[in-house]
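A.B. asks: Listed here are the chains, written in short residue letters.
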Amino acid sequence: MPLLENGRLVPDPWTTLDQDAFLPAAGPVIVPLSRLEEGLARPPGEQLGVALPPDAEIATLRTVLPRLSLVAVTFPIFRDGRAFSQARALREHLHFAGEIRATGKPLPDQYEFLLRCGVSTVALPAGSDPQVWARAHTRFRTAYQPSVRGERAEGATLRRVL
Amino acid sequence: MPDTLPAPALPIGHYGYDQVDRAFLADRVEQFRDQVARRIAGTLSEDEFKPLRLMNGLYLQLHAYMLRIAVPYGVLDSRQLRELAHIARTYDRDYGHFTTRQNLQFNWIRLEDTPDILARLADVDMHAIQTSGNCIRNVTCDQFAGAAQDELVDPRVHAEILRQWSTLHPEFTFLPRKFKIAISGSPNDRVAARFHDIGLVAKPAPDGGTQFDVFVGGGMGRTPIVGVHLRDDLPEEDLLAYLEAMVRVYNEYGRRDNIYKARIKILVQALGTEGYRQKVDAEFAAMNRARYRLPPETVAAIRARFGTPDLHAPDDAAAQLDRARRADPVFDRWVRTNTHPHRAPGYISAVISLKPAGGIPGDATSAQMDLVADLADRHAFGEIRVTHMQNLVLGHVRQDELHVVWQALRGAGLASANIGLIGDIIACPGLDYCALANARSIPIAQKLGARFASPELQETIGPIEIKISGCINACGHHHAGHIGILGVDKKGEEYFQLTLGGSPGSDASVGQILGPALPEDATVDAIARLVDAYLVHRAGGERFLDTYRRLGAALFKDAVYATA
Ligand code: HEM
Ligand code: SF4
Chain A
1 MPLLENGRLV
11 PDPWTTLDQD
21 AFLPAAGPVI
31 VPLSRLEEGL
41 ARPPGEQLGV
51 ALPPDAEIAT
61 LRTVLPRLSL
71 VAVTFPIFRD
81 GRAFSQARAL
91 REHLHFAGEI
101 RATGKPLPDQ
111 YEFLLRCGVS
121 TVALPAGSDP
131 QVWARAHTRF
141 RTAYQPSVRG
151 ERAEGATLRR
161 VL
Chain B
1 MPDTLPAPAL
11 PIGHYGYDQV
21 DRAFLADRVE
31 QFRDQVARRI
41 AGTLSEDEFK
51 PLRLMNGLYL
61 QLHAYMLRIA
71 VPYGVLDSRQ
81 LRELAHIART
91 YDRDYGHFTT
101 RQNLQFNWIR
111 LEDTPDILAR
121 LADVDMHAIQ
131 TSGNCIRNVT
141 CDQFAGAAQD
151 ELVDPRVHAE
161 ILRQWSTLHP
171 EFTFLPRKFK
181 IAISGSPNDR
191 VAARFHDIGL
201 VAKPAPDGGT
211 QFDVFVGGGM
221 GRTPIVGVHL
231 RDDLPEEDLL
241 AYLEAMVRVY
251 NEYGRRDNIY
261 KARIKILVQA
271 LGTEGYRQKV
281 DAEFAAMNRA
291 RYRLPPETVA
301 AIRARFGTPD
311 LHAPDDAAAQ
321 LDRARRADPV
331 FDRWVRTNTH
341 PHRAPGYISA
351 VISLKPAGGI
361 PGDATSAQMD
371 LVADLADRHA
381 FGEIRVTHMQ
391 NLVLGHVRQD
401 ELHVVWQALR
411 GAGLASANIG
421 LIGDIIACPG
431 LDYCALANAR
441 SIPIAQKLGA
451 RFASPELQET
461 IGPIEIKISG
471 CINACGHHHA
481 GHIGILGVDK
491 KGEEYFQLTL
501 GGSPGSDASV
511 GQILGPALPE
521 DATVDAIARL
531 VDAYLVHRAG
541 GERFLDTYRR
551 LGAALFKDAV
561 YATA
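In the order they appear, the protein sequences are chains A and B.
Sequential numbering from 1 applies to the first sequence in UniProt numbering.
Sequential numbering from 1 applies to the second sequence in UniProt numbering.
Bear in mind the hints are in silico, worked out from the structure with no lab data behind them.
Honestly, I wouldn't trust all of these hints.
[Unchecked claim] Straight-line C-alpha distance at most 30 Å; calculated DSBU-like pairs for lysine-lysine:
(1) B:Lys261 - B:Lys279
(2) A:Lys105 - B:Lys447
(3) B:Lys203 - B:Lys178
(4) B:Lys279 - B:Lys203
(5) B:Lys491 - A:Lys105
(6) B:Lys557 - B:Lys491
(7) B:Lys491 - B:Lys447
(8) B:Lys447 - B:Lys557
(9) B:Lys447 - B:Lys261
(10) A:Lys105 - B:Lys490
(11) B:Lys203 - A:Lys105
(12) B:Lys203 - B:Lys50
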């Protein structure tokens, strides 16, 4: 699955495991939340990521977060906006500094929103045109509210310079 | 050369855009132009296009596309109203429809014209962003804001702050369901604060600043609920942070499995007021408060983009108005019913009724829009307000000029003296336009308007609110009507169910069903009998609503069903 970062396609070093797949002892893997314990049981140096369902409570990750390099949030349909709040809570409440990856079926027209909620990479849904995503990345120069990215405010206004 | 030109005057009553705001809107129009082109070329499917067009206010109705244009907090300037008239003339059928959410709708729009229409709107600093979709919609406001005698705080600066904050909000544009915020600055609720997802009432804080009463979880639709009072002391600097917390809890926990249970009102009911409050407080405590703080300098910077009227009336303005009223009883009646007291001596607010007897509530022709824009320029600082009752208001009119204003309105069929009376009916678009409708709301409104056309009769009946919805979605607010009328479908026939005792205001209540639904041709007569029964039983100057609350439904039931 093509991976997008800063509007550009980048290589994806991660392997995403599903419920039943064999968990390799080494290498960067993303495990489902239900297999987090198993993942954490690997040697400490191995890179670990976790895939959250949209109804997962972010606060439950508090103690394990230092061991995670990546958290994947998901959009089962683009209209289900819970992942926006999850990403933001990860950055803002738990100060997570690793990669937040959007998966599922987000729309290119949501790209700016994803970034401004703290998402760093997007696993592009099948059939996506990366050009359309790239255009969405540069569409707006201004936003009207603060975000987790801490963009510069324009004077005393609410506006942020993107 | 250009930089020697004087800065254009700021619009009165709403935020004045600058170059940055205009550039943002231009980017948005280009984005939509690109989306429409992809749709017409077929690279976007209708399924993919739908959410994008809805985010720009473009609905597919029964017969054509409808474009809903935002009128933030209901305030327009004359230049904007003229542009709307122009669009009506050029791209629609020469009229527009003012809605209960203080917006304007065009009902006969062609998809391929919409990018051009949006570009024209952008030329006058208007847009259709977030007039649809599961996002924070246009923030509505008191139609007498900044003018009313009973107001404590002019809420429009805060309404504008909420407009900006909610515009393309990264986290809250894909909520479980639509989200409607209303704000008032008067203890007399004219915005139905308790029937909104969030209702805010601004008031002076003990330290001299501003603070807010917060209501949450009100709404209509198939589950009408009066909102609960969450707190009465929200400081201005926490306004955005606290709303972020409120909406985030909803985004996380609101139901997404059933659209009829997805509004915040259902979440608040499920968690209980206390349960919801605890979650919001926990979120609020955890968030980065410095980042989301609304500092006084930001409020001041946004306030500085509002034009304010220079109010100077001659000393004898009130006396002149008195003389004109004594000389002309028809004018006198219109002043009694269609004006509202102004805070400044010698001024008054005038309500322009868009409810002529037999007309379609909220419709205005291009010529009428142009005329109102001219009147606003001459007599009201170029400012026009749209009311949630689907009328227009000139907020600041000199009392000595009111007679001239009225004469001009009368010449254009805009001087119906029925504000707050039985002719001032709210009706949703119903089966004439809407694909979800069970019944036609507009013809019932027209027939009621014609039945009670006499201004004398209307004044005798006194304050009464009739509200009509063509289906249970309740766009016509029937739950909050003193008399509510709901269209239902009985084996393919249009029937109407009556509810009594609803109220949108500070005494908010949900109307109760009176009895079995009535066939279309019996509905208007039944309401006439209801009104007769009220006139017989009312005590002193009691409103219909008060008589109903005092005596209950039985006598009205008899009046409606005894002869039916
Ligand atoms: C094609 C036309 C329209 C459609 C398809 C439509 C659809 C709906 C639906 C589905 C609801 C119920 C939402 C819920 O309870 O979750 C609703 C509520 C509502 N709509 Fe409409 N509507 C239309 C036109 C209008 C118009 C013209 C107005 C304003 C005049 C309006 C104002 C409202 C209001 C005030 C509510 C109820 C308040 C609330 O949100 O609880 N709608 N509409
Ligand atoms: S109340 Fe029903 S019929 Fe009326 S506009 Fe809303 S959805 Fe359509």
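A.B. asks: If a hint holds in the structure, say so; if it does not, say that too.
C.D. replies: Each hint, compared with the structure:
In summary, the hint linking lysine 261 (chain B) to lysine 279 (chain B) is supported, as the alpha carbons are separated by about 19 Å, within the 30 Å threshold. As the CA atoms of lysine 105 (chain A) and lysine 447 (chain B) are separated by approximately 50 Å, the hinted pair breaks the 30 Å bound. As the CA atoms of lysine 203 (chain B) and lysine 178 (chain B) are separated by approximately 27 Å, the hinted pair is consistent with the 30 Å bound. Straight-line distance between C-alpha atoms of lysine 279 (chain B) and lysine 203 (chain B) comes to about 25 Å, which keeps the hinted pair within the 30 Å bound.
For the suggested pair lysine 491 (chain B) and lysine 105 (chain A), the alpha carbons sit about 41 Å apart, so the restraint of at most 30 Å is broken. A C-alpha spacing of about 24 Å is found between lysine 557 (chain B) and lysine 491 (chain B), which places the hinted pair at or below 30 Å, so the restraint holds. For the suggested pair lysine 491 (chain B) and lysine 447 (chain B), the alpha carbons sit about 24 Å apart, so the restraint of at most 30 Å is met. The hinted pair formed by lysine 447 (chain B) and lysine 557 (chain B) meets the criterion: a straight-line CA distance of about 22 Å does not exceed 30 Å.
Annotation: proposed proximity of lysine 447 (chain B) to lysine 261 (chain B) is violated, straight-line Cα distance about 35 Å (limit 30 Å). At roughly 41 Å between alpha-carbon atoms, lysine 105 (chain A) and lysine 490 (chain B) are farther apart than 30 Å, so this suggested pair is violated. Proposed proximity of lysine 203 (chain B) and lysine 105 (chain A) is contradicted: the alpha carbons are some 44 Å apart, above 30 Å. For the hint pairing lysine 203 (chain B) with lysine 50 (chain B), the CA-to-CA distance comes to about 40 Å; that exceeds 30 Å, so the pair is violated.
In summary, the structure is inconsistent with hints 2, 5, 9, 10, 11 and 12 from the numbered list given earlier, while agreeing with the others.
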